[in-house]
Amino acid sequence: MGLRKDIWRTGILEAPLASLIQNPDWTAIPCHFLPDMPRGFQFRADPFGVWHDGKLHVFVEIYDYRNRVGEIELFVYDASYTLLRNEIVLREKWHLSYPQVIEAEGSFWMLPEAHRSGTQTLYRAERFPDRWVPGCQIDLGGEIAVDATLHFQDGLWWMIYTPVEAAKKAPSRLHAAYAPSLCGPWTRHHQNPIRLDPSSARAGGTPVTIDGRLMLPVQDCAHTYGGAIRPLWFDELTPERVITHTGPALPIAPYFAPYAEGMHTLSAAGPVTLFDIKRTELSPHGLMIEAGREIGKLRRRLGIG
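Each residue of the sequence shown is one higher than the last, beginning at 1 in the UniProt record's numbering.
The set of hints was computed from the structure by calculation and includes no laboratory data.
Don't be surprised by glycine CBs; every beta carbon is placed ideally from N, CA and C.
Don't take every hint at face value.
[To be verified] Label-pair restraints from in silico Cβ distances: (1) 246 - 84: 36 to 44 Å; (2) 165 - 254: 34 to 42 Å; (3) 67 - 241: 42 to 50 Å; (4) 68 - 36: 16 to 24 Å; (5) 192 - 118: 16 to 24 Å; (6) 52 - 18: 18 to 26 Å.
Given these sequences and hints, build the entire structure.
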């Protein structure tokens, strides 16, 4: 039961992701933060977004240390970044996070991180943006993916992910799989792991093509979880071969302080980019929350109401 907790804050930068990679000085870029959390030891993180009908739809993980079960929350903004709508749009019995949302094959799709469910579910928007239903189960031959990220290239769907057993120990292995359609069949790349490096082996946002090269934001977890984002460049991405190299970690603008201790998501949404940054909170209150959770679990095991 640690005293120090990661507290994340999510924002919208008025610049496309490619320009942020090419010029990492963000001090002059207008920024809009999502609303503050109503209580301490809660946060919003892992933002992904799409524009639809002239509005920006932001999907995030909302998390409370009291129950440790993330849910997917929606924020809808107009073109002036006025908040129009806010609600929970997906909850399950298990933890949800990292809700990548894409428009493809005639529908909107969401692939949230949900390894505690023991499977990988691709959700389809029965009614965008607030009604999501299971579309299909993604079969990776027994592997369960963490922070799985989708990308379409040269007639194939690609999924970049960290296997759950690697994520639980140290996020040092990055894998790839490919398929002719979103629901498969999926083939794990024969070269897996395509990276063995804690500084660049866990996806952290949306892939984009910059000057003809594919770039995926990845988390630098070499020293701490979500310590930084760095670009992972794909020099080659085919069923036969994957070649990658990384760029330097992106600095966090000083004016974001005290949220200057890490970043672990950077996702493109047309002309804007969504991001999260963190601070850590050291407080006896955090220990009280942990103690309360442990007492609650003990009472349930003993059948005490």
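Here is how each hint holds up against the structure:
Distance hint for residue 246 and residue 84: a CB-CB separation of about 38 Å, consistent with the stated range 36 to 44 Å. For residue 165 and residue 254, the Cβ-Cβ distance of about 38 Å falls inside the hinted range of 34 to 42 Å, so the restraint holds. A C-beta distance of roughly 44 Å is found between residue 67 and residue 241, which places it inside the suggested range of 42 to 50 Å. Taking 16 to 24 Å as the suggested C-beta distance range, the pair residue 68 and residue 36 conforms, at roughly 21 Å.
Remark: the range hint 16 to 24 Å for residue 192 to residue 118 is upheld by a beta-carbon distance near 20 Å. Taking 18 to 26 Å as the suggested C-beta distance range, the pair residue 52 and residue 18 conforms, at roughly 21 Å.
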